[in-house]
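**Q** Chain W is already provided as a structure; the job is to place chain E on it using the hints.
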Amino acid sequence: MSAREAGAPRVPLVLVRLKLRLLRNRARQRNGTIGVVLGSAVACLGGLTGFIGTVVAGHATDPRVSRAVVVLGATVVLVGWALLPLLSFGTDETLDPARLQLLPLENRQLIRGLLLASFIGYAPFAVLLTLAGVVVGYGSGAAAVVTLAAVVLLALLSVATARALATALASTVTSRRGRDLVFVAGAVIAVSVQLVRFVHFDHIHIATWNRVSNIARWTPPGALGQAIVDARTGHVARSLLELVPALIALPLLLAAWGWALERSLTIVTGGSTTTRAANEPGHTSTLLPRWLPFLRPTAAGAVAAKELRYVARDPRRKVAFAQLLAFGIGAPVWFAVTQGSLSPKSVVIASLAGYLALIGATNQFGFDGGALWLDIVAGNRVRDELVGKNTALMVQVLPVVLIGSTVLAAVSGGWAYIPVALVVAAAGLGAGLGVANVISVRYPQRLPETKSPFGGGGGGQGCVTGLMLLIGVLIQAVLLTPVAIAVGVSAARWPAALVVVAPACALYGYALWRRGVAMAVRWAWWRQPELLLAVDPRRGA
Amino acid sequence: MSSVAPDPDPPRAWPAVVVRALFKRYDEKIAVAGIDLDVPRGCFFGLVGPNGAGKTTMIRMLTGLLRPDAGQVWVEGVDVWMNPVVAKARIGVLPDEFRLFDRLSGAQLLEYCGLLRAMAPAVIAERSAELLDVLGLDEAAQTLVIDYSTGMRKKIALACALLHAPDVLFLDEPFEAVDPVSTRALRNVLERFTESGNTVVFSSHVMEVVERLCDRVGVVHLGRLIAEGPIDELRGGRRLEDVFVDLVGAHEDQGPALGWLGGHPADPPAPPSG
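Quick mapping for you: the protein sequence lines, in order, are chains W and E. Quick note on numbering: the first sequence equals residues 784 to 1324 in this note's numbering. Quick note on numbering: the second sequence equals residues -2 to 271 in this note's numbering.
Simulated from the structure, these hints should not be mistaken for laboratory data. Quick reminder that beta carbons are idealized off the backbone N, C-alpha and C, glycines included.
Calculated Cβ distances over 10 angstroms to all of chain W for the following chain E residues:
(1) Asn48
(2) Glu127
(3) Asp130
(4) Ala182
(5) Glu208
(6) His218
(7) Glu225
(8) Leu237
(9) Asp243
(10) Trp257
In silico SDA-like pairs for lysine to any residue, Cα to Cα no more than 20 angstroms straight-line:
(11) Lys26(E) <-> Leu1316(W)
(12) Lys1101(W) <-> Asp144(E)
(13) Lys1101(W) <-> Asp99(E)
(14) Lys26(E) <-> Arg1321(W)
(15) Lys1101(W) <-> Ile143(E)
Only chain W is shown next, with the shape it has when bound in the complex (with noise of 0.2 angstroms):
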């Protein structure tokens, strides 16, 4: 390759250099400096929580505490290190080898300079505070250089196991598809680590912990915990061949890391394409679904279409789809297994998966971000738009509310209420949706446009986004009591004015729907041309 002139930085340097570079600019961009302010803040406390509690756990009193920590840590920071980057591709831009690729560099230089690039960041600078905290709380006399380098050689291995992962799924990563999978992936994966509260670790015995840890030490990162452990309680042989499994791995996965690159950069992989069955004779229309006849070839039938066809298809809509899954059905089938004794009216509390269907409705035009155009250039009315995109999120709700409810009536036996929960979603969903629209076309946001799984997800990014959010939700919550006010004292007060309550309901909300769409339609049918700047993520300020 070629030489290096008089004078030029080397090649790690360089790349040590373009990180801290990024990360710096990042404090440029829009609410850059309160992320950089942020993520050092959060690096700060995380590093420093774990370097006080690896001391305080190097003096445990009870050696199984502190050979837990060791053992189970050293496995839980190589696979973090190793998951976490896949997950936020797209906000480490040294990640992507294909952006190194017409640079004449060597691989050895690549590697290098990648490697230690990956100990700079905010993450990053909090798992080496918490290593050294390890070797101040665990390493004393002769351990402390087995306890040095066995930490050294677990943050080498977790770097060269996530950079030889990484390499070899960039060019999968950096597909539509791949990026799509990983998007629901890591919106899958948020969503678990959530369940994880549920556990209760403090009732969790130190003898489970140790029969865990007895698992984990056997492989190469937990075997460097159990190397520090060992040297501290004299046996320092064993400890020097705990260490052996990392120094075998460590070559293998540079090697193999070294191969995935040299891959990555020369073999092409295209994007791949999706193609759908033609479809059947007989039924003209590719976008009107079959099985939903209700929806006319009209306007307001295509936007409607067009919002569905993207709930299967766009992986935000998917994930924002899965979550009104998880808990407009999830619930009733937690509350159906747990609750022993369920009373019939219970059924009715399915309804509220129209509410939490509200979440996303503030931001309605944001999803169509700079595509907007399409539809202004038709000369579409923003009445058909609205109409379509609200029986969009009805045609999703109410099905996710006949499961839940009938999970609760099989339970409870309350089969009649089932319509009555149908009833009170459609109609809290109507005037929540009022409210809705006149926000979506009163205060329309942008969504940025990201390839990370985590971005834009909610309604919009910064702090206006948040207070409209916080106002609509206010104003839909007045608008909503007296639904819940009167489908609950009827349920228990008197079960059979149901039958009068819940029409009524279905009414009011019914009327405030038409009212709220009629406000968003003043407001906005000459406005179009600033609705579709404030939506396009490219253009505008």
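**A** Showing chain E alone in chain W's frame:
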């Protein structure tokens, strides 16, 4: 380029596009600084100008996508900003750097556009099939638009713009980043479109394309229309590119700068003989 709007009666006497005193400012920068323009019917009109001259801003204002600060636009005698729904029924648009609802397939996107324009489903199906065929997209009809190449995206967007049989077609850089085969397909469709008496207004900074296709040209520079007329008149026997460079006043002599560009390092060893 008269400054008075033509007599609105009878409407058939109107040129295809009439622009009067069109003005747009972004913060400090004036993007379009008062443009007057008449585009006759059945004309293939080229809007040329350097990058940042205001072509895209102008086309977005002509098509109802960006509100002008001042000025008026009539398409086929209909005021685009006073009567947008009627005007838009007569306009087809292919903007620059457009996004599409790209998680629909090509055929679905066409149907979507047709239904938004209140067309009958049977007509949509018939015209879609024909457009996809002519543009060479029939095999990709069921593929999601997000997986299309740049040329295919331009072609499906052009199909969307043509589906409702508009009278005037506005195209912003339609041939940018499009391969020669797709360019040929696009050109053929556009030529057929103007032959039947319709009007095309398109922007480009590729002079060869403009020279080959257009019968009238307008030169935009710093937000002003600095020259306009039949292409042969404007050219006066010279190449359009030279006329254009003269008009926008580019400096051609680069002097001795970049002298190091020729200095190759030591030659690599000769390739093995075969």
